[in-house]
Amino acid sequence: MKSNIFVLMAAISMLKTGCNGSTETNAIEVNMDSVEETYEAKSIEEAETFDPEITKDVSENLKIIKNASCRFKVADVDKATSSVKDVLRKYNGYVSEMRFQNTRYQLENRLSMRVPAKEFEAVISELSETAEYIDFKNVSTTDVSEEYIDLQTRLKTKMAVKERYDEILRSKAKTVEEVLLSEEKLRVLQEEIEAAQGRLKFLSNKVALSTIQLDLYQTVEHRDVPEEYNQSFTSKMKDSLVFGWRVVEKMFLGLLYIWPFVLFGTGLFIYLKYIRKSSK
Numbered sequence: 001m002k003s004n005i006f007v008l009m010a011a012i013s014m015l016k017t018g019c020n021g022s023t024e025t026n027a028i029e030v031n032m033d034s035v036e037e038t039y040e041a042k043s044i045e046e047a048e049t050f051d052p053e054i055t056k057d058v059s060e061n062l063k064i065i066k067n068a069s070c071r072f073k074v075a076d077v078d079k080a081t082s083s084v085k086d087v088l089r090k091y092n093g094y095v096s097e098m099r100f101q102n103t104r105y106q107l108e109n110r111l112s113m114r115v116p117a118k119e120f121e122a123v124i125s126e127l128s129e130t131a132e133y134i135d136f137k138n139v140s141t142t143d144v145s146e147e148y149i150d151l152q153t154r155l156k157t158k159m160a161v162k163e164r165y166d167e168i169l170r171s172k173a174k175t176v177e178e179v180l181l182s183e184e185k186l187r188v189l190q191e192e193i194e195a196a197q198g199r200l201k202f203l204s205n206k207v208a209l210s211t212i213q214l215d216l217y218q219t220v221e222h223r224d225v226p227e228e229y230n231q232s233f234t235s236k237m238k239d240s241l242v243f244g245w246r247v248v249e250k251m252f253l254g255l256l257y258i259w260p261f262v263l264f265g266t267g268l269f270i271y272l273k274y275i276r277k278s279s280k
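Under our numbering, the first residue of the sequence shown is numbered 1, with each subsequent residue one higher.
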């Protein structure tokens, strides 16, 4: 009877310990989830709170992406391209891509350029001076201020949550399960932080440097397709001699590669010939 009571008490003790461990793990998991929810709620509350100073700062620091596409007729494509490059050097811009095309009717050079946003209007104005005729000049802007501020706010929140998870991992995670849970949360957060940082960097680059697509073209007199080239007899004879020499050269080099087999074959032939003579 006493042994049965002892076994029952031991079983109750183990069950209680298991429940406590499970409760602690669940408590940590709930705590970690509540941390993220708390910071997200705080972030939303801060975003919805009207602050005149913040509004003033936003209006003074709008994030605007500027783009332009232009097509100019010029007297000389080469000279116009040189003038464009001079303008870019003057305003610290650069050509990111250039494509030249030569057709029967015109010469055309397509340039993709990046220029500092603050110099955007000045560059467009000076580029227009190279044109004899402007086919079109289109300018567009995209306001990404809202997305930029939203990314900054979310990034700040996720950084704070990450610090809190680090603290939980150091102080409260004791079992392997708790450590793995904390590390998984940290890994996911780190990926989200890096994605937000990458997007912010991309937007910052687009805002800081405007993109200008410029087509320069020069009209020329109609040109027929070039006549087929007929090679002279002397030229053909020269090419044949060169080709023949190359064949001889390759054959000689090939023999050098297989010289052991040639030597062995020659020796075998001489030996067999000698055997036949001896038998006679």
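Careful: at least some of the hints might be erroneous.
[Stated by the list, open to error] Estimated spans, in silico, between C-beta atoms of each pair:
no., residue 1, residue 2, range
1, Glu194, Ser145, 50 to 58 Å
2, Glu132, Lys201, 37 to 45 Å
3, Tyr133, Val242, 46 to 54 Å
4, Thr142, Glu163, 32 to 40 Å
[Unchecked claim] Calculated lysine-lysine pairs in the DSS-like style (CA-CA distance at most 30 Å, straight line):
no., residue 1, residue 2
5, Lys238, Lys156
6, Lys85, Lys156
7, Lys137, Lys236
8, Lys73, Lys137
9, Lys238, Lys66
Keep in mind that the hints were calculated from the coordinates and are not lab data.
Backbone N, C-alpha and C fix where the C-beta goes; we use that ideal spot for every residue, glycine too.
Each hint, compared with the structure:
no.	hint	result
1	Glu194 with Ser145: 50 to 58 Å	violated, 23 Å
2	Glu132 with Lys201: 37 to 45 Å	holds, 41 Å
3	Tyr133 with Val242: 46 to 54 Å	holds, 52 Å
4	Thr142 with Glu163: 32 to 40 Å	holds, 34 Å
5	Lys238 with Lys156	violated, 75 Å
6	Lys85 with Lys156	violated, 41 Å
7	Lys137 with Lys236	violated, 54 Å
8	Lys73 with Lys137	holds, 12 Å
9	Lys238 with Lys66	violated, 60 Å
In terms of the numbered hints stated before, the structure departs from hints 1, 5, 6, 7, 9, listed from lowest to highest.
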